Amino acid sequence: MINEILNMNGYGLYVWSSFMFTLLSFGTLYFVTKIQLNKELRNFKAKFKNLDAEKAEIVKKQEIYRGILSSTSSSKI
Amino acid sequence: MLNYFNPSNTLKVINKLQKFIFALFIAVLILGLFEALVLSPEDYKQSDSVRIMYVHVPAAWISLGIFSVISILSFGILIFKNKNFILISKSLAPSGFVFNIIALVTGSIWGKPTWGTWWAWDARITSMLLLAVFYLMFMLSWKIFEDEKKSIKLSSYIAIFGLINIPIIKFSVDWWSTLHQPSSVNVFKETTIHSTMLMPLGIMTAAFALFSILIFLMKYHTELLKIKNKGLDRL
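Going down the list, the sequences are from chains A and B.
For the first sequence, counting from 1, position 38 maps to 38 in our numbering; every step adds exactly one.
For the second sequence, counting from 1, position 93 maps to 93 in our numbering; every step adds exactly one.
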């Protein structure tokens with residue numbers, strides 16, 4: 001049964017290499033995107049930490065920034 | 001309507017959706033792989049090599065779909081100057097490009113056992129290669145210029161110009177004599193593919209669509225953060 005699935009009537013090399021290439025491309029795109037997202041999140045956190053209290057309050061009041069601040073802990077899939 | 005694409009609203013949705021779509025994608029992909037590699041029957045002519053269809057066709061469909069959306073949004077960018085359309089286009093392009101490459105590579109692998117060659121300069125394959133060039137130019141247009149306005153204009157023109165290629169890809173198998181087979185799945189005509197093959201094809205298409213949505217959400221989030229990081233610098 002397993003041999004049949006692997007061999008695929010002699011087309012195993014073509015079928016499996018197609019599926020492997022697809023999954024590898026998915027994995028690469030996912031991890032590259034995740035690294036870029038995490039880098040921007042780290043940058044945002046670092047910049048936010050360096051703000052003085054007054055500016056930090058202004059940022060916290062803005063809805064879009066509140067969304068980002070809450071996402072820094074929740075967006076790690 | 002345009003307010004629906006407001007970044008503040010979108011960010012809330014992104015955070016809620018990312019985990020859910022990731023889990024759904026994994027579940028649908030596992031089901032699709034099992035259907036495509038184990039349950040679906042072999043073809044009477046192509047034998048088991050037909051299974052390559054389950055990755056090749058969804059990848060081609062989604063890369064075409066994504067480029068069409070980018071092109072339509074580009075009209076919106078030039079006419080309405082909508083900044084969210086720019087973000088959406090930029091965020092869609094990487095997954096569209098990767099799906100385009102998957103379609104080309106798996107098509108090439110499929111070509112060897114069916115046509116006896118890895119590559120042929122026929123209308124469908126060449127127009128798909130041209131689509132990859134348009135994707136590449138679109139993404140590079142954001143890297144070339146320092147001036148964002150120039151990037152926006154150039155990328156929009158590339159996407160709109162590239163839209164001409166979409167019907168060429170779709171109808172190339174009807175307009176010219178090509179090695180590539182005509183469409184088996186049709187919306188307006190009769191679908192010539194058996195339901196036992198249509199089912200895994202549908203599931204794999206759903207899995208690929210979910211993956212493209214996941215990458216889009218992550219890229220959109222990244223682009224939004226880049227803008228907000230610049231905003232923090234200006235404070």
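Read the hints as simulated data drawn from the structure, not as lab findings.
This one's a predicted model, so the numbers in the text were calculated from it and none came from an experiment.
Each residue gets a CB set at the ideal place from its N, CA and C atoms; glycine is no exception.
Warning: the hint list may mix true and false statements.
Now the stretches of chain B that chain A is said to cover, found in silico as 3 or more residues with beta-carbon under 8 Å [what the hints assert, rightly or not]:
| no. | stretch |
| --- | --- |
| 1 | 45-53 |
| 2 | 97-103 |
| 3 | 167-178 |
Residues on chain A that point at chain B, a partial pick, calculated with CB under 8 Å [stated by the list, open to error]:
| no. | residue |
| --- | --- |
| 4 | N3 |
| 5 | T33 |
| 6 | Q36 |
| 7 | K45 |
Against the structure, the hints:
1. For the stretch 45-53 of chain B, the proposed coverage by chain A is satisfied: 5 residues have a C-beta within less than 8 Å of a C-beta in that chain, meeting the threshold of three.
2. Counting residues of the stretch 97-103 of chain B whose CB falls under 8 Å from any CB of chain A gives 3; the rule of at least 3 is met.
3. Counting residues of the stretch 167-178 of chain B whose CB falls under 8 Å from any CB of chain A gives 0; the rule of at least 3 is not met.
4. Interface restraint check for N3 of chain A: the shortest CB-CB distance to chain B comes to about 13 Å, outside 8 Å, so the restraint is violated.
5. Interface restraint check for T33 of chain A: the shortest CB-CB distance to chain B comes to about 5 Å, inside 8 Å, so the restraint holds.
6. Taking 8 Å as the C-beta contact cut-off toward chain B, the hint placing Q36 of chain A at the interface holds, the least distance being around 5 Å.
7. Because the beta carbon of K45 of chain A sits about 10 Å from the nearest beta carbon in chain B, more than 8 Å, this interface hint is broken.
Going down the numbered hints, you'll see the structure goes against 3, 4, 7, while the others check out.
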